[in-house]
Amino acid sequence: MAKVKVQQDNIIELRGVKKIYDDVTVADVNFAIKRGEFVTLLGPSGCGKTTTLRMIAGFEKPTEGQVLINGKDVTDTPPHKRPVNTVFQKYALFPHLNVYNNIAFGLKLKYVKDGEAKNKLGENCDVYRKLTKAEIDEKVKNVLRLVDLEDYGHRNVASLSGGQQQRVAIARAIVNEPEVLLLDEPLGALDLKMRKDMQIELMSMHKKLGITFVYVTHDQEEALTMSDTIVVMRGGEIQQIGTPQKVYDEPANAFVADFIGESNIFSGIMREDFVVELAGRNFECVDKGFKKNEPVDIIIRPEDIKIVKPESTKRTFEGVVETCVFKGDHFETTVLMNDFEFLVHDNVECKVGDNVTCYIKPFDFHIMAKSRIINKIDTYMWDEGVVEICGGRFPCNSTLPSDTPVSVEIGFKDVEVFDDEEDGIIGGEVINSIYKGNYYQCIIRTDDHYDFFVDTTDEWLKGDRVGISVAPEKMSVVEREEKEDE
Amino acid sequence: MSKMKLTRRAFSYPYILFMMIFVVLPLVLILVNAFMANGELTFKNFVNFFSDGSSIHTLLISLAVGFITTSICLFLGYPIAYLLTKRKSGRYMVLLFTLPMWVNFLLRTLATKEIFQALNMPLGMATVIIGMVYNYLPFMIMPLYTSLSNIDKSYAEAAQDLGANSLGVFLNTTLPLSVPGIVSGITMVFIPTISTFAISELLSDRMITLFGDSINLKFTQDMYGVGSVMSLVMIILVILSNVLMSKADKGTKSGGAV
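Chains as they are written, first to last, in the working numbering: chain A, 848 to 1333; chain B, 547 to 804.
Possibly wrong hints are sitting among the right ones.
[Said to hold, decoys possible] The calculated BS3-like cross-link candidates involving lysine-lysine, where the alpha carbons are at most 25 Å apart (straight line), are: (1) A:Lys919 to A:Lys960; (2) B:Lys632 to A:Lys928; (3) A:Lys908 to A:Lys865; (4) A:Lys960 to A:Lys980; (5) A:Lys955 to B:Lys699; (6) B:Lys634 to A:Lys908; (7) A:Lys937 to B:Lys634; (8) A:Lys1054 to A:Lys1040; (9) B:Lys699 to A:Lys957; (10) A:Lys937 to B:Lys796; (11) A:Lys1283 to A:Lys1198.
These are computed hints drawn from the structure, not numbers from a lab.
In isolation and in its complexed conformation, chain A is listed as follows:
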């Protein structure tokens, strides 16, 4: 019995839902949304968050998997039969209708239950009728009052300001009393001040209406402010699901840490339980259970690093101040220690070149396993001394004959990146770049959709096309066994 109840608590469930466009997986998600929650799908553009929302609304059909609303499979249900309403990114208010008629649009199409009657076979069946003019009028007036636009009913939608259009779009959706309100970056077109006001209004509306909100945004601050639960997405996959607090304090991986709030992200080595090596020194931490000498990512929030007096007993490391900028309510200081840059937010003003002592609580070293420690590609030999990788032919030191199945391993540091795509053997797009204290870790996606992890001292801009090549001696090519003969 209890189990049934738990299932009913989930208003939306996405089970193994995949969306594939032209062989590219744009979304591969599996999660549930509780009734009454304010859930935010958060991620950079192209992460699949809008596609996921559109699959819930019914505008996109998943290539695989099921979408359940209220426990019912709605994968094949058209949008107009789903108990959800959407607030569109650019509002999509009907330009040929005034504010009143825009809001009344859904109501005029709606059928409500109106008692029961016997059909020809003598069975009881529900009778449906359209809403009367008076009922529609009452609902529209109520919702106009809710969004503070009582006197705007007769107005042409084009004559409204961005914020007012936004309110009409919300009113048009909630007047239908949906069980779920889907919002696709609804505040993207508003200026900062308006956006802040609308955030608060949306939150109070969520409380008042008591329905489930699914909100899509790329703005991490918006997500942290408004949501009960955040779903962080990247490259079509969910990176982390959790409360704002949890996602901020305990990011699941370096990507989440980098995307949400500012952070110091370093590569380190877990020497043993509770000891992590970073920048050539060992530090105390609270994490255990990693393999001995396992490479890890270490995340430290800038506000968790304190600048303390040199004589303080609570001290973690000493460094030299590189920059110090006042940011209104704190100083943003970069401290250089053993060539690694630490970003510090504290209310202590420092002079450039000063020696300072810093303290980090062991608890504030967030340690997570690396998602990948080496680039490994299963491929085939093109010819003796040449291996094919993502459609390019790379010279290598292997003498295996052509068409031999091989595994190629390339270290992050051994991938050479070129400004000009033509200078590399293959081309790719920089999809991510994270600063790790004294170098950048980039992810370069080739045209074959393989992601190369690259450690480089240069900063590459997201979205840039670059060339990639690898020196033959830096490549390890090993013959592999094919799993299945084709």
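Using the hints provided, position chain B relative to the given structure of chain A.
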């Protein structure tokens, strides 16, 4: 700054000159001719035209042909344009529909006549209307296609989201949002149809004379006065239908009832 303005304005002089010679001057000549008979100022030409039953009859027939042709073009053209916007290849398919316009319209009409005769179809009202539709259908499809393909897809999605099935989406969003296209399609077919000449003459073996043909006839018979009056009537009709159409266009934008 003032120099700049002068030079820019200079580019418009050739056009203004052209307009004066080929648009304003002829209009003035028509106006003068309409009020002149035997070298004196008079209303005689108007009296001649409005008391001549056959002229009025021609006018009414022309309006009827225009109305029927426009209706057929709209009912044929709208579904075609709508279907074309649904396909990716629509942009190129539209070119196919406008392909007949590349052939000179006299040649085209003569060829149509040959086809009718080969099919043993009696030339008359039916053949005239078929010929008109054939000639003017592209002028209906083009503006409809442009206006339909410019409708943002999000409107249809919003309507679906609010509970409209596909018919509801069409009736409540696509159709009202394509009214500007319908209006310009109608204008582009109706006005040329009532003023065109040669098509009806050729396709009905001179049995049906439309207004355009009879203006042509009057001028070739040196009846400049009555011809000019008829041209004036034509101009007034054009202005009238333009006013009506722009009113219909505005009515949809101001956001009245559904």
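Straight-line Cα separation of Lys919 (chain A) and Lys960 (chain A) no greater than 25 Å?
holds, 20 Å
Is the straight-line distance between the alpha-carbon of Lys1283 (chain A) and that of Lys1198 (chain A) 25 Å or less?
holds, 24 Å
Between Lys1054 (chain A) and Lys1040 (chain A), does the CA-CA distance stay at or below 25 Å?
Holds - the C-alpha atoms of Lys1040 (chain A) and Lys1054 (chain A) are around 22 Å apart, at most 25 Å.
Is Lys960 (chain A) within 25 Å of Lys980 (chain A), Cα to Cα?
holds, 16 Å
Given the hinted pair Lys908 (chain A) and Lys865 (chain A), is their alpha-carbon gap at most 25 Å?
Distance of about 9 Å is within 25 Å: holds.
Straight-line Cα separation of Lys937 (chain A) and Lys796 (chain B) no greater than 25 Å?
holds, 24 Å
Taking 25 Å as the top limit, are the C-alpha atoms of Lys632 (chain B) and Lys928 (chain A) close enough?
holds, 23 Å
Satisfaction of hint between Lys634 (chain B) and Lys937 (chain A), Cα-Cα up to 25 Å
Between Lys937 (chain A) and Lys634 (chain B) the Cα gap is close to 24 Å, so the pair holds against 25 Å.
Decide if the proposed pair is consistent with the structure: Lys955 (chain A) and Lys699 (chain B), CA atoms, cutoff 25 Å inclusive.
holds, 21 Å
Holds or violated: Lys634 (chain B) to Lys908 (chain A), with C-alpha atoms at most 25 Å apart:
Given pair Lys634 (chain B), Lys908 (chain A) holds - Cα atoms ~20 Å apart, limit 25 Å.
Are the Cα atoms of Lys699 (chain B) and Lys957 (chain A) separated by 25 Å or less?
holds, 22 Å
Going through the hint list in order, the structure satisfies each hint without exception.
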